[in-house]
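Could you build the full structure based on these sequences and the hints that come with them?
Protein chains in written order, with this note's numbering: chain A, 1 to 287; chain B, 1 to 287; chain C, 1 to 287; chain D, 1 to 287.
Keep in mind that the hints were calculated from the coordinates and are not lab data.
Taking lysine to aspartate or glutamate and the DMTMM-like style, the derived pairs with C-alpha atoms no more than 20 Å apart in a straight line are:
id, chain 1, residue 1, chain 2, residue 2
1, C, Lys250, A, Asp37
2, D, Lys255, B, Asp258
3, C, Lys246, D, Asp16
4, B, Lys250, A, Asp43
5, D, Lys255, C, Asp239
6, A, Lys282, B, Asp247
7, B, Lys250, D, Glu273
8, B, Lys255, D, Glu273
9, C, Lys250, A, Glu273
10, C, Lys246, D, Asp39
11, C, Lys246, D, Asp37
12, A, Lys128, A, Glu153
13, B, Lys255, D, Asp258
14, C, Lys246, A, Glu115
15, B, Lys99, D, Glu115
16, B, Lys282, A, Glu213
17, B, Lys255, A, Asp43
18, A, Lys246, B, Asp239
19, A, Lys246, C, Asp37
20, D, Lys246, C, Asp39
21, A, Lys90, A, Glu65
22, D, Lys99, B, Glu115
23, A, Lys99, C, Glu115
24, C, Lys282, C, Asp39
25, B, Lys250, D, Glu115
26, A, Lys282, B, Glu213
27, C, Lys163, C, Glu89
28, A, Lys246, B, Asp39
29, B, Lys282, A, Asp247
30, C, Lys246, D, Asp43
31, B, Lys246, D, Asp56
32, A, Lys246, B, Asp16
4 protein chains.
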Amino acid sequence: MDQHNSTAILLLSCPDRIGLVSRISHFIFERQGNILDLDEHVDTGSGMFFIRVAWDMDGFSISSEEIEDAFRPLAREFRADWKIHLSHEKPRTAIFVSKYEHCLQELLWRHGTGELAMEIPLIVSNHKDLETLAAQYNIPFHVFPISPENKLEQERRELSLLKENRVDTVVLARYMQVLTSQLVDAFPGRIINIHHSFLPAFSGGNPYRQAFERGVKIIGATSHYVTGELDEGPIIEQDIIRISHKDTLKNLIRKGRDLERIVLTRAVSSHIEHRVLVNGRKTIVFS
Amino acid sequence: MDQHNSTAILLLSCPDRIGLVSRISHFIFERQGNILDLDEHVDTGSGMFFIRVAWDMDGFSISSEEIEDAFRPLAREFRADWKIHLSHEKPRTAIFVSKYEHCLQELLWRHGTGELAMEIPLIVSNHKDLETLAAQYNIPFHVFPISPENKLEQERRELSLLKENRVDTVVLARYMQVLTSQLVDAFPGRIINIHHSFLPAFSGGNPYRQAFERGVKIIGATSHYVTGELDEGPIIEQDIIRISHKDTLKNLIRKGRDLERIVLTRAVSSHIEHRVLVNGRKTIVFS
Amino acid sequence: MDQHNSTAILLLSCPDRIGLVSRISHFIFERQGNILDLDEHVDTGSGMFFIRVAWDMDGFSISSEEIEDAFRPLAREFRADWKIHLSHEKPRTAIFVSKYEHCLQELLWRHGTGELAMEIPLIVSNHKDLETLAAQYNIPFHVFPISPENKLEQERRELSLLKENRVDTVVLARYMQVLTSQLVDAFPGRIINIHHSFLPAFSGGNPYRQAFERGVKIIGATSHYVTGELDEGPIIEQDIIRISHKDTLKNLIRKGRDLERIVLTRAVSSHIEHRVLVNGRKTIVFS
Amino acid sequence: MDQHNSTAILLLSCPDRIGLVSRISHFIFERQGNILDLDEHVDTGSGMFFIRVAWDMDGFSISSEEIEDAFRPLAREFRADWKIHLSHEKPRTAIFVSKYEHCLQELLWRHGTGELAMEIPLIVSNHKDLETLAAQYNIPFHVFPISPENKLEQERRELSLLKENRVDTVVLARYMQVLTSQLVDAFPGRIINIHHSFLPAFSGGNPYRQAFERGVKIIGATSHYVTGELDEGPIIEQDIIRISHKDTLKNLIRKGRDLERIVLTRAVSSHIEHRVLVNGRKTIVFS
Numbered sequence: 001m002d003q004h005n006s007t008a009i010l011l012l013s014c015p016d017r018i019g020l021v022s023r024i025s026h027f028i029f030e031r032q033g034n035i036l037d038l039d040e041h042v043d044t045g046s047g048m049f050f051i052r053v054a055w056d057m058d059g060f061s062i063s064s065e066e067i068e069d070a071f072r073p074l075a076r077e078f079r080a081d082w083k084i085h086l087s088h089e090k091p092r093t094a095i096f097v098s099k100y101e102h103c104l105q106e107l108l109w110r111h112g113t114g115e116l117a118m119e120i121p122l123i124v125s126n127h128k129d130l131e132t133l134a135a136q137y138n139i140p141f142h143v144f145p146i147s148p149e150n151k152l153e154q155e156r157r158e159l160s161l162l163k164e165n166r167v168d169t170v171v172l173a174r175y176m177q178v179l180t181s182q183l184v185d186a187f188p189g190r191i192i193n194i195h196h197s198f199l200p201a202f203s204g205g206n207p208y209r210q211a212f213e214r215g216v217k218i219i220g221a222t223s224h225y226v227t228g229e230l231d232e233g234p235i236i237e238q239d240i241i242r243i244s245h246k247d248t249l250k251n252l253i254r255k256g257r258d259l260e261r262i263v264l265t266r267a268v269s270s271h272i273e274h275r276v277l278v279n280g281r282k283t284i285v286f287s
Numbered sequence: 001m002d003q004h005n006s007t008a009i010l011l012l013s014c015p016d017r018i019g020l021v022s023r024i025s026h027f028i029f030e031r032q033g034n035i036l037d038l039d040e041h042v043d044t045g046s047g048m049f050f051i052r053v054a055w056d057m058d059g060f061s062i063s064s065e066e067i068e069d070a071f072r073p074l075a076r077e078f079r080a081d082w083k084i085h086l087s088h089e090k091p092r093t094a095i096f097v098s099k100y101e102h103c104l105q106e107l108l109w110r111h112g113t114g115e116l117a118m119e120i121p122l123i124v125s126n127h128k129d130l131e132t133l134a135a136q137y138n139i140p141f142h143v144f145p146i147s148p149e150n151k152l153e154q155e156r157r158e159l160s161l162l163k164e165n166r167v168d169t170v171v172l173a174r175y176m177q178v179l180t181s182q183l184v185d186a187f188p189g190r191i192i193n194i195h196h197s198f199l200p201a202f203s204g205g206n207p208y209r210q211a212f213e214r215g216v217k218i219i220g221a222t223s224h225y226v227t228g229e230l231d232e233g234p235i236i237e238q239d240i241i242r243i244s245h246k247d248t249l250k251n252l253i254r255k256g257r258d259l260e261r262i263v264l265t266r267a268v269s270s271h272i273e274h275r276v277l278v279n280g281r282k283t284i285v286f287s
Numbered sequence: 001m002d003q004h005n006s007t008a009i010l011l012l013s014c015p016d017r018i019g020l021v022s023r024i025s026h027f028i029f030e031r032q033g034n035i036l037d038l039d040e041h042v043d044t045g046s047g048m049f050f051i052r053v054a055w056d057m058d059g060f061s062i063s064s065e066e067i068e069d070a071f072r073p074l075a076r077e078f079r080a081d082w083k084i085h086l087s088h089e090k091p092r093t094a095i096f097v098s099k100y101e102h103c104l105q106e107l108l109w110r111h112g113t114g115e116l117a118m119e120i121p122l123i124v125s126n127h128k129d130l131e132t133l134a135a136q137y138n139i140p141f142h143v144f145p146i147s148p149e150n151k152l153e154q155e156r157r158e159l160s161l162l163k164e165n166r167v168d169t170v171v172l173a174r175y176m177q178v179l180t181s182q183l184v185d186a187f188p189g190r191i192i193n194i195h196h197s198f199l200p201a202f203s204g205g206n207p208y209r210q211a212f213e214r215g216v217k218i219i220g221a222t223s224h225y226v227t228g229e230l231d232e233g234p235i236i237e238q239d240i241i242r243i244s245h246k247d248t249l250k251n252l253i254r255k256g257r258d259l260e261r262i263v264l265t266r267a268v269s270s271h272i273e274h275r276v277l278v279n280g281r282k283t284i285v286f287s
Numbered sequence: 001m002d003q004h005n006s007t008a009i010l011l012l013s014c015p016d017r018i019g020l021v022s023r024i025s026h027f028i029f030e031r032q033g034n035i036l037d038l039d040e041h042v043d044t045g046s047g048m049f050f051i052r053v054a055w056d057m058d059g060f061s062i063s064s065e066e067i068e069d070a071f072r073p074l075a076r077e078f079r080a081d082w083k084i085h086l087s088h089e090k091p092r093t094a095i096f097v098s099k100y101e102h103c104l105q106e107l108l109w110r111h112g113t114g115e116l117a118m119e120i121p122l123i124v125s126n127h128k129d130l131e132t133l134a135a136q137y138n139i140p141f142h143v144f145p146i147s148p149e150n151k152l153e154q155e156r157r158e159l160s161l162l163k164e165n166r167v168d169t170v171v172l173a174r175y176m177q178v179l180t181s182q183l184v185d186a187f188p189g190r191i192i193n194i195h196h197s198f199l200p201a202f203s204g205g206n207p208y209r210q211a212f213e214r215g216v217k218i219i220g221a222t223s224h225y226v227t228g229e230l231d232e233g234p235i236i237e238q239d240i241i242r243i244s245h246k247d248t249l250k251n252l253i254r255k256g257r258d259l260e261r262i263v264l265t266r267a268v269s270s271h272i273e274h275r276v277l278v279n280g281r282k283t284i285v286f287s
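Here it is as structure tokens:
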């Protein structure tokens, strides 16, 4: 695609101060950029400012290669964390799965319809079960069986594979292994997990059984970034579904599956459209 | 009201066996009762059967005073827990409050419109703040200030007052004291609490602050029966509301208030209409 | 499957009178049937009684072939509309499609996971587009191109094909043709359509565009039985999704697709589990 | 309140062009204003730009009296519709009611808790029924009985009263009269109505009965600005609630009441916080 039909998206966070919106929008305006979308948020607790601005690169007076250098002085002055994304550079996303197909199926389907603007160069699994599904969509499928003994070694090989494929985002689509820090640390704020409960309730194993036994009237699913602490990463999206005494555990798992695929897809969608900023343990998700 | 315009409601649970629906409905039919509503549920896990049947007492061949004696042999044969309620005998409900008015306001309002078919002979509080609100609705308001030293003694006085007023149901409408076992044990399965979180998440103190700090995208409220274990009683009703990074803690508390009043009202409504059966740690709520 | 592991389901409606539940449940009890689930409803407006009873055929004293004859006298006395279904006889369902794949995809997927207990002997379409999808699931795909001139003739051929395949239920999964009365009348209360709006709002063509132009804040989808009057058949299921000024028409259509597949699937699921009774222009859907 | 603790809010719409955000935010920045919140939207269909900016007047280099004059040249250049509101100048809102109390009750309650930052100088009604409720909150209550003969004359008197009280917003809280153009035209985009259905479905009279008879599975409520065409004004907020065959018409009306009070309150809240911009037949509601 010709990059001049592209959109640039700035994601930035910095300590709040006067003039931030004005100076950032002026940076774009003075280079003939037309702002398509702007969202900002001030977290009064931490005194931090967060912004997402998207502008049309068509007619922009400098090329996409030059933007970062041009913006750097401003960012430095603001002591900002920042990144500029170009819409024609689709995030390269690896999907990790085990045996459950519903989340993978949903992602591949929506990817196929063009709803998820990302590349999926490969799927990684510790089991062979979903190989056929991957094949239907012509996506390379790599199996790395995991045991306690070989886990570190297998992850090292996965990591190499991800690097070879220039992967920048990892989606755990009901991947039933806890990642070690070598993988987590390699993709800070770029590994998305789906947990099959309304976190923080029912973290850990068998959340549907826990929910069933506690007799809750609503079950949930939670998509979050993976950090070093299990189930503790910043939450991107959650949703719930109502259940009743009529629902058996099996039913509840079935309803939960529908929830998981919806919640994970929404989180992935927000992430690849560069709508998510991490604020400590929390996220800002611009709609 | 003339009891012959009344409805009888049987709530029964017993070990499942063949013929329960047939024999219970036959008991009603052979006495010329017209069944208005029947719901049943079998918990295959525990092998227990639960039923709620409502029938018209108009034309019923025995009087409401005679029903229990007539039904007892059947119940004994089924080894059942059971109770027969008459719709013209409205549950006598005491409401316990502290300083928050929203739940009390909601209950009194709906009671006033006739939606909640119960008597409210009195309101109990450990603070004076809501006296005026109670007065607006002409309901006696009793203040029992609570300190660690006088708690047992004050509860004893409350208990006497409840007995004097023939109270059968207690609603804790954001009552900010943990009840001791003397009160809990006096009303088994008949004390309803509203917890301002999506239990089991954020049990204990300050759940909104916990939710805010965890960065959840959805907050909840839970109404449950009070048992000896804090926040562990059988859940009657839950609901949730979506929040975002824009919501301050104050906002979140405000949204939570709306949720609390709705969830508590629904739970109270189900209880006083005799739609709730307790099944161990869980409830069956017939709709 | 051995029919003795089967469940029998009675769907019945008749004028309300005393003793219906008792006599129906007694019919089952005296033949050693264990009731698994019973739901009933009285429509006080029309004075009609509706019931769904499911019982275990294991241990039942008469065979599934004999049930209807045994029950007929009772049904006649009650002047009832009724039908007894056996769970091992799965409804034979034909799916009609045009070019949109999402509803078909959803049905096939859930059918594949075992959630929809039906047979799908064939798919009918007026276009070739979804042939590949049908092939992936190994389901015969029949194309009948429709023009105003050949419509009656093509429908006649479709009808023959449905009869040959002993189809009892037809699902219109975004089939973009209005059926004529010869097809509608051949499957009374057994053709299920998905309309892409919150009926009765935006009936007719282009409902998403209508919704977009009216500036509604919520869009819906409606699944209903097909009758002679367009979009006027009894509604089985509806659901909605929130939209905002940010949603373009394209976005709205995308969100609507998700809604359609969910709503249609729920309606089909209720129908094939024999949970739906038609009450004039309305339905009773037992949960 | 000291206006220097106040917030200024600009609502503006104009044809889209390059540099709008930059120049508007620069106008604020160069006068030492700290932007607290900024939302913008481009309607690509109509080519119109919409913005809401809130900034702190504390430290702003010009007084609140001088802002409009200072901003006028920019607005003129942009050919904009615009208005600057100051948070310490609370909208003066008249509430019109008839006999239903639930919407009025909700508004007064939330106003009392400080959630609705508006003044309510008076309540207008065509019936006396809600006088006591108004008195409880110490708000003047004016009765103008309406008949076909006196309608124009009574409205004229109402209009005078509104002007005397410097009312800028009118809320029809289940006011059961259709306003004539003399009143509608006097408050363009400033009269908010609650319609007890999911518009455009069931416009006109008796929407709950219409919904009941159609057998819908979901009912709704719609809050909209009043224009010359009945039920056709721009929609501000809608919500829905699920119903079933169990719901009688009476039940449905009761559930609808809960919906109406929530939907109207949200719409009023958005309006008085200056979050709503009208875009032809539609609204933009910034969250």
